[in-house]
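Protein chains in written order, with our numbering: chain C, 60 to 216; chain U, 60 to 216.
Errors might be hidden in some of the hints.
It does not matter which identical chain is used: a pair holds within one copy or between any two.
[As the list claims (entries may be wrong)] Restricting the straight-line Cα-Cα distance to at most 20 Å, the calculated cross-link-like pairs of lysine to any residue (SDA-like) are:
| hint | residue 1 | residue 2 |
| --- | --- | --- |
| 1 | Lys92 | Lys196 |
| 2 | Lys170 | Thr149 |
| 3 | Lys78 | Pro148 |
| 4 | Lys170 | Arg181 |
| 5 | Lys81 | Gly132 |
| 6 | Lys196 | Gly153 |
| 7 | Lys196 | His156 |
| 8 | Lys81 | Phe194 |
| 9 | Lys196 | His150 |
| 10 | Lys81 | Val102 |
| 11 | Lys92 | His156 |
Quick caveat, the hints were computed from the structure, so don't treat them as lab data.
Given next are the chains, with one letter for each unit.
Protein chains: 2
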Amino acid sequence: MTDATTANVDPHLWIWGWKDEKPRLLHTMLRVKDFDASLRFYVDGLGMRVFDRYEIESRRASCMFIGFNDYAGGGLIELAQYWDAEGPPTHGSGYGHVAIGAPDITGMLAKLEAMGVEVTLRPRALIGAGPRVAFVKDPDGYAVELIETRSDQAVGG
Amino acid sequence: MTDATTANVDPHLWIWGWKDEKPRLLHTMLRVKDFDASLRFYVDGLGMRVFDRYEIESRRASCMFIGFNDYAGGGLIELAQYWDAEGPPTHGSGYGHVAIGAPDITGMLAKLEAMGVEVTLRPRALIGAGPRVAFVKDPDGYAVELIETRSDQAVGG
């Protein structure tokens, strides 16, 4: 039956694949107020790409998938707008952040700052001689952590 | 300088790597009330593994990294407890969920339900003949989406 079933799979709907053997993390979803503002931050600022946009009638929502990898590579962000949402997204104390590996944290942060992005923690090592970490806010106020992932860019390197 | 710098890198602190060429999504952080309850859900229930636990004095927080992959593979979740937190994590309207690819969504959901996990959406295709999707709640009330990622387990397959 596998062949017959696979033949019926629409890849545009089964975007996360239809032959996985094991579970994996696919994406993190954030409700946003303004797709254009989010794309300026995540695409123009951080360098992500836009993969797809869907209008999901059954959930009364629009969503866009963005990330550095493709669907198979995982680690995407889903930006969502609910058609009947009342007011902009609000924040509790629970959700923390997404963390992005930044080979050049200094350059990435400089670019974001030039775009007017709010920096809430300037680069510093949080534990001993570990990588430097910075925090910024996306257009909806979600925290985004930048973690240095290349040591020859590090202080003293 | 690269060799000298790399020689100084402590892999236990540079857990996300120190030779990355490109940015990538590393993890999603959620504040939780009770690590043990979270581990029952994410490890015993969903099948993730625990990688490391850190006590971060400078942030007055404890954190654990869990996931299906290792650090290099990305797509991890950071569970965090802030030492000075007042009360359990609260939820706004903004943060949505993490989505997990489930080759066997029926089996995964049955296991979670047997553990007493709350199911907020039973498996159904959200768009046409796409994969079935379910929603459950983790012990802190965060939504977790399960997306079918194997078509020969699908209805009629």
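We went through each hint and held it up to the structure:
no. : hint            : verdict
1   : Lys92 / Lys196  : within (14 Å within a copy, 24 Å between copies)
2   : Lys170 / Thr149 : neither (27 Å within a copy, 33 Å between copies)
3   : Lys78 / Pro148  : neither (35 Å within a copy, 36 Å between copies)
4   : Lys170 / Arg181 : within (14 Å within a copy, 43 Å between copies)
5   : Lys81 / Gly132  : both (14 Å within a copy, 14 Å between copies)
6   : Lys196 / Gly153 : both (16 Å within a copy, 14 Å between copies)
7   : Lys196 / His156 : both (9 Å within a copy, 19 Å between copies)
8   : Lys81 / Phe194  : between (33 Å within a copy, 19 Å between copies)
9   : Lys196 / His150 : both (12 Å within a copy, 18 Å between copies)
10  : Lys81 / Val102  : between (30 Å within a copy, 14 Å between copies)
11  : Lys92 / His156  : both (17 Å within a copy, 17 Å between copies)
The structure does not agree with the numbered hints 2 and 3 stated previously, though it agrees with the rest.
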